[in-house]
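*Asks:* The hints should help you fit chain B onto chain A, whose structure is shown.
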Amino acid sequence: MRLEYFQMIDKVVELDLEARTLRTANTVPCESPIFEGHFPGHPLLPGVLLFEIMAQSCGMLLLRLHNYDRMAFLASVDKGKLRTFVVPGQVIDVFARLEHDGSGYARLKAEGRVEGKLVCNADVTLKTMPFPAPELRGYLLSTAERIGMPMGDAVIGTAERAGNLTHV
Amino acid sequence: MSTTFETVANIIAETCDIPRENITPESHAIDDLGIDSLDFLDIAFAIDKAFGIKLPLESWTQEVNEGKATTEQYFVLKNLCARIDELIAAKSA
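These protein sequence lines map, in sequence, to chains A and B.
137 is the number that UniProt numbering gives to position 137 of the first sequence; each next residue is one higher, with no gaps.
28 is the number that UniProt numbering gives to position 28 of the second sequence; each next residue is one higher, with no gaps.
Everything hinted at is true.
A few chain B residues that face chain A, going by a derived Cβ cut-off under 8 Å, partial list only:
(1) Leu38
(2) Asp48
(3) Leu55
(4) Leu57
(5) Glu58
These are calculated hints, taken from the structure and not from any lab test.
Note that CB positions come from ideal geometry on N, CA and C, so glycine has one too.
For reference, chain A alone in the conformation it holds in the complex (with noise of 0.2 Å):
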């Protein structure tokens, strides 16, 4: 995890297109600038946090079912429940799965765990729309890449990747 710069999935760990869900693996690095105010010699992953890493587990297993076609953006978090401290060091394995594919919505249930204790849980729904800038879709490609999610038979251009897309 990169939190300062919301990079909040390290890597996939299993995908299932027909299950319609996600496994990602997330480590909490041991410093950073977040623990010196949340909390001084208490450092905690803050539970916004938390929420973030499953919205973003739940919006790379949707862009994946829709093959990168549509940006989703966090819209509500419902039954939300932070269970237990997580710290520095400690690894989340977040499970997302897609419940309902709407029209430019989405529901999904989404829980974290650490050494297989059930740390968060919550249901998702995010709001999906065409990317509004090429860019974005580029990154979101590049993340996908960078955290190994598996591509199949997503067709992606070299231009794609890149950012460099005309329309959207």
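*Replies:* For chain B alone, kept in the frame of chain A given last:
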């Protein structure tokens, strides 16, 4: 129609915390009931699940934005329920 309306009205009442008696077939979801786009996503999700359909919210929104349709056509509840019935019929056809 009445069954569809009852289901939709109950979904709206539960999702948006609106007294059920305030919701009528003539109610405009946005203008009368004050439902915003985010709340309507929750309603759409519940309707999709309840009826096994996919409300075409994006095309409806596009039609309204382009002046090809009015919000009344899709968001007055009796009209919304008629659209739902059409989608159910199309699904089972």
